[in-house]
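Sequence lines, in order, name chains A and B.
Here the numbering used here is used: the first residue of the first sequence is 1, the next is one more, and so on.
Here the numbering used here is used: the first residue of the second sequence is 165, the next is one more, and so on.
A hint or two may mislead.
[As the list claims (entries may be wrong)] Chain A regions said to be covered by chain B (calculated; three or more residues, Cβ under 8 Å):
(1) 1–15
(2) 38–49
(3) 56–68
(4) 121–135
(5) 150–158
Treat the hints as calculated values from the structure; they're not laboratory data.
Where is the CB? At the ideal position from N, CA and C, for every residue including glycine.
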Amino acid sequence: MIALGLLLLVLLAGLLFGVLLLRDTLHAVVAVAAALGVLAILFYLLGAPFLAAMEILLYLGAILVLFLFALMLLGPEARAASAKRSWRRGWPWAALVLLALALALAALLWQALVIDEPIQAIAPARLGHALFGPFLWWSEAVAVLLFVVIAAVLVLHAGEDKHD
Amino acid sequence: MIEITLAAATLLFFAGLALILLRRSLIVWLLGAELLFNAALVVALAGAARWHSPSGQVLALFLMALSGAALAPSLALLLRVKRELGTLEVDGLRLLREREAQDG
């Protein structure tokens, strides 16, 4: 299982590196989708089968499709423009900061931890009991938040129509 | 296995931050924000596995809902920015200030 985990980690690193370097936004979105698929397998290995399914349903099925819709609405010229000038002004300084951060994170991970804890799968039923037991009001709050978001998007869209 | 998961979270965090700091396109920015959300989610799941508790998974589920909730209006705003300014570049957003100055 550790070997499979390491393989997934290497795959994830390669895909994320690809996301960073790919100039075409559509290709970057597809690479992120593949990376999230790898993450879903990792979640399953970590004893979270429900979250693995939700990662595929919510992230791959909804959020990344939303990105593809946005790309479609923006049209091909937006993609071409972002492919032509993909790096920000002053990016070498940001790259330097990122390099320092990478070294710090690598040092932290290097010293850290061997957590020798056996993995036990947490069944969806247990998660459901937690969601509708002690976390019931939080679930309701998230539901209200999602409703507010729908209203916000409708208001933004209505403003756009008026503007036209 | 938990160490591997934490390493995956580190990779996601780093990639998300790099996308936000280095790339010019706003839509790639949002993609970076999603990767940052995923990094937090992976850490929550690692906690759930470490302490054998469903609370970490509940937190991860809420984070998924929150990231979806954050993304929808952001994409709506992005389409609006494209319509108003005709560009999707982060550097182009300073036009807001210049335009305001010209109007005033």
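Legend entry - Those earlier numbered hints the structure runs against, lowest number first: none
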